[in-house]
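Keeping their order, the protein sequence lines are chains A and B. Under this note's numbering, the final residue of the first sequence carries the number 453; numbering is consecutive throughout. Under this note's numbering, the final residue of the second sequence carries the number 964; numbering is consecutive throughout.
By construction, these hints were calculated from the structure, which means they are not laboratory data. Where a beta carbon is used, it is the ideal one built from N, C-alpha and C, also for glycine. A couple of the hints might just be wrong.
Result set (DSS-like, lysine-lysine): computed pairs, CA atoms no more than 27 angstroms apart in a straight line [unchecked claim]:
1) B:855 / B:894
2) B:831 / A:75
3) B:894 / B:831
4) B:810 / A:123
5) B:758 / B:742
6) B:894 / A:75
7) A:342 / A:3
8) A:75 / B:827
9) B:894 / A:121
10) B:855 / A:75
11) A:75 / B:758
Selected chain B positions facing chain A (in silico; Cβ < 8 angstroms) [unchecked claim]:
12) 525
13) 527
14) 529
15) 685
16) 815
17) 841
18) 846
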Amino acid sequence: MKIGLEIHLQLPTTSKLFCSCSTSATEPNEAICPTCLGFPGSRPRLNRKALEMGLMIAKRLECRIPDVIWFSRKTYFYPDLPKNFQITQYESPIGVDGKFLFDGKTIRILRVHLEEDPGKIKRVGRVGEELSLIDYNRSGVPLVEIVTAPDLSTPKEARDFTSSLITELRYLIGISDKDEQTVRVDANISVAEERVEVKNILGLRNLERALEFEFVRQSKMLRAGKKIPRETRRYDEERKVTLPAREKEFEEDYGYILEPDLGVFNVGEIAELMAIPETPLMRVERLSREYGIGLSEAKKIVFTSYALADLFEDLYSKYPTSKALSWILDQLAANWSTLEKKMTEDMRNSILTTIGSILSGSISENEGRKMLVSIIKGEEFVGASQELNNQEVTKIICSILNGHPEIISDYKTNKRAANFVIGQVMKFFKGRYSSDEVAKLVINEIERRLSR
Amino acid sequence: MSDKLSFEFLTRLNEKYKIFSQLINEEEFLKAEGRYHFHFSAKDNLCTIDFQSRAGSRILDGYTPPFDATAVRRLRISGGLLIGKTNMDEFGFGTFCTNSAYGVPRNPFDPDRSCGGSSGGAAATVALLDGHIALAVSTGGSISCPASFCGVIGITPTYGRVSRYGLIDYSNSLDKIGLICRSATDLRTYLPLISGPDSLDPTSCSQPILDLSSSRIKRIGIPKEAMEGISGEVEAAFRKAIEITEEQLSIKVEEVSMSSLRFALPAYYVLATSEASTNLARYCGMRFGIVKDDVNAHFNTFFSEVRSKFFGKEAKRRILLGTYCRRIGFRDRYYLKALSVRQIVKEEYLRIFQDFDLVVMPTMPFIAPRFSDIQKMKPLDMYKADFLTVPPNLVGMPHISLPCGYYHGIPIGFQLVAPHWEERRLLHFAECWESVFEYQFPEVKL
């Protein structure tokens with residue numbers, strides 16, 4: 002099965018794509034002006050911020066960005082479209098031939114372009130007496146359309162891809178949290194040869210459902226020996242089925258011409274000078290590459306929290322061991338959400354020092370774990386941070402040595418004989434003290450007895 | 519300004535010549551008396567908050583915009599009184615001003631003849647009213663043509679010189695707002711007022727400053743291809759004018775070859791109708807064009823009804839032509855090819871301007887035709903009449919039509935073209951020309 006997506010997302014600008022109307026109006030038809038209502042004689046003016054965001058997305062998706070771009074008119078008649086043409090990009094999208102690495106797979110990006118949203122139709126009233134109301138607040142709101150090659154192979158993958166793309170863009174340009182529900186997708190899906198297009202799917206959940214339905218429908222037809230016709234369908238959210246779209250509704254001949262009122266934009270240089278902030282997936286890749294850890298571990302760290310990833314980097318650059326990784330993943334990642342809420346600079350430092358001490362062996366793991374728990378709980382830890390109680394420890398060492406006098410003589414030929422004592426002491430104190438320090442005391446005592 | 523304007527005179531003038539699609543009302547006129555520096559008119563496709571702006575079309579009947587076009591606003595704040603909206607071919611679609619829903623304006627030199635189009639009302643008003651300034655619009659010759667037929671001056675500035683904000687679009691990449699007036703002095707006064715960048719029209723924002731300081735005109739070129747198909751009386755007047763130019767103004771006039779000239783007309787009609795067919799899509803009865811609130815029909819049916827009923831015949835023809843040129847399969851052959859042709863014509867002009875200061879040719883191939891003759895013309899014959907006005911329009915170069923002769927009292931004009939942003943050459947030539955040629959204006963009998 003091959004799936005290709007056309008993903009439409011709203012860019013988080015404060016004003017519309019071609020006028021200065023607000024994008025965050027609440028009352029119907031509150032944010033409107035001659036331009037976004039298409040008054041004769043009004044002109045579009047490009048919102049620079051939207052252009053920059055679009056370029057940033059194209060750059061993040063590793064697209065080729067042309068030196069010069071322009072806009073086009075896509076003409077079709079629909080009541081929500083005040084001019085009966087939409088200003089979009091046709092021959093010169095802001096980005097082409099990009100790619101998006103996701104879960105170890107490369108999804109090719111065919112194009113990224115900017116366009117204006119039409120108004121919104123609201124149908125009210127009882128069936129048969131319905132009234133269509135139009136809200137033009139949305140008219141002229143900037144959208145970015147991202148078109149993938151048919152590189153996705155399951156409905157789940159299509160959903161996951163879209164979801165990680167949205168996460169990426171959220172970090173990159175700050176798109177809204179609601180986008181997972183409001184993202185609009187047109188999907189191409191072919192189980193056999195012929196391609197079926199499902200238009201206007203709203204939200205990630207519907208995307209997966211619509212594709213699953215199509216997969217089942219097309220597979221059934223194939224099993225029954227039928228040919229799948231090339232067609233355009235739409236997804237009925239309520240009945241959870243795809244239905245053939247009325248031919249006329251999706252007449253493909255939009256008669257594109259250049260938008261003469263906007264002229265051309267030299268974007269090559271702007272794009273070149275533009276710095277892309279590191280997005281989550283970019284960081285995952287970097288962590289994996291720089292620190293030699295697995296992609297899935299890197300992903301777990303980054304997607305838990307950027308702060309955890311910072312902590313990981315601070316720690317791992319000093320102690321590049323699998324142990325360091327497991328401390329981060331097992332001890333911290335699991336409780337990070339509660340931890341992050343009360344995190345202070347001091348606390349962060351204590352955590353780093355403690356894990357550092359564990360990894361350098363200056364305190365035992367058990368000890369370290371307990372210390373971490375206390376740090377996290379915000380308690381003063383009474384233990385290793387406290388002075389080693391020499392007297393108490395030495396007392397125990399003496400009693401062990403008294404019970405096992407052979408150790409002293411063994412030690413003369415084999416220093417490892419001391420390990421038994423160290424082990425016993427550690428066991429006695431349930432790992433409360435650092436094995437290093439215990440070892441020091443044990444050896445001191447043995448040497449003392451030997452020199453006697 | 520000469521004689522004092524009276525409202526009664528204006529009204530009677532309009533009754534006879536149908537030059538305005540809407541005239542100022544008496545109350546406003548009387549209120550403004552003595553409080554303005556000059557009177558001006560705006561072509562009906564320029565938006566005005568206090569007049570309907572219908573672009574000569576029935577589909578915009580009753581439409582009064584919520585804003586003034588920048589050019590209108592600039593003249594008002596300079597002390598101008600807008601006395602009316604001048605009659606025009608519907609949306610600018612025409613050469614004879616016979617395609618207006620609001621009457622056919624008459625030529626002031628002979629009421630049986632056309633005043634030219636599409637800014638016919640504007641040119642006729644200037645011929646009838648001394649001191650009047652008319653805001654006009656040219657897409658493919660709609661300033662030059664009526665200026666020539668009505669014996670007045672019509673300047674079409676460089677594309678982008680005058681903000682198009684508030685101009686009801688015909689073809690955005692070709693539309694230019696200009697002036698029709700009686701003298702070079704008026705041009706010098708009023709052109710700077712309407713020129714200059716305007717943030718409301720991005721295409722006006724990259725212009726160099728309008729510099730009208732004097733410039734020397736030494737050599738002028740006549741494309742020899744321009745003289746093919748010119749009527750005898752126009753050719754005779756034109757040749758005579760060239761003689762005067764050479765002898766009295768000591769300017770060298772030479773023939774040049776401009777082989778791309780004949781491609782300009784088809785390229786123009788492809789581009790202009792392609793853009794027009796998208797611009798006119800909005801007039802469907804939804805937000806614009808005879809809007810009804812309570813509609814109970816499928817939108818397609820309703821839109822088609824409104825458009826069929828209220829667009830004129832020529833508008834429909836151009837919508838069909840333009841839609842056809844944009845369609846998949848035809849787009850490459852027509853629309854995209856026309857864009858390349860535009861580039862070729864532009865390059866040819868630029869080549870000529872390496873050796874010549876201006877290019878000159880007759881404005882129209884014939885004198886203002888009689889309405890009875892226009893009736894016999896086929897659409898294609900009418901389109902062909904634009905073959906000399908279209909080339910400079912296609913490439914956005916500034917040009918001016920000046921009266922250059924009279925045939926049995928009917929004016930004949932010639933058109934000069936300058937390189938982009940060089941309006942001053944046109945102005946300079948106009949000033950020189952006035953010193954050696956006397957313009958005639960019709961006697962107004964009401």
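Going down the list of hints, with the structure as the test:
1. B:855 / B:894: Measuring from Cα to Cα gives roughly 32 angstroms; hence the hint is violated.
2. B:831 / A:75: Holds, at about 25 angstroms.
3. B:894 / B:831: holds, 16 angstroms
4. B:810 / A:123: With Cα atoms ~19 angstroms apart, residue 810 (chain B) and residue 123 (chain A) stay inside 27 angstroms; holds.
5. B:758 / B:742: holds, 16 angstroms
6. B:894 / A:75: violated, 38 angstroms
7. A:342 / A:3: Violated, at about 43 angstroms.
8. A:75 / B:827: holds, 25 angstroms
9. B:894 / A:121: At roughly 49 angstroms apart (the allowed maximum being 27 angstroms), residue 121 (chain A) and residue 894 (chain B) break the hint.
10. B:855 / A:75: Cα-Cα ~19 angstroms, so holds.
11. A:75 / B:758: violated, 51 angstroms
12. 525: Cβ of residue 525 (chain B) sits 28 angstroms from chain A, so the hint is violated.
13. 527: Violated: closest Cβ of chain A sits about 31 angstroms from residue 527 (chain B), beyond 8 angstroms.
14. 529: violated, 28 angstroms
15. 685: Constraint on residue 685 (chain B) satisfied, holds at 5 angstroms.
16. 815: Cβ of residue 815 (chain B) sits 11 angstroms from chain A, so the hint is violated.
17. 841: holds, 6 angstroms
18. 846: The hint holds - residue 846 (chain B) has a Cβ within 8 angstroms of chain A, the shortest such distance being about 5 angstroms.
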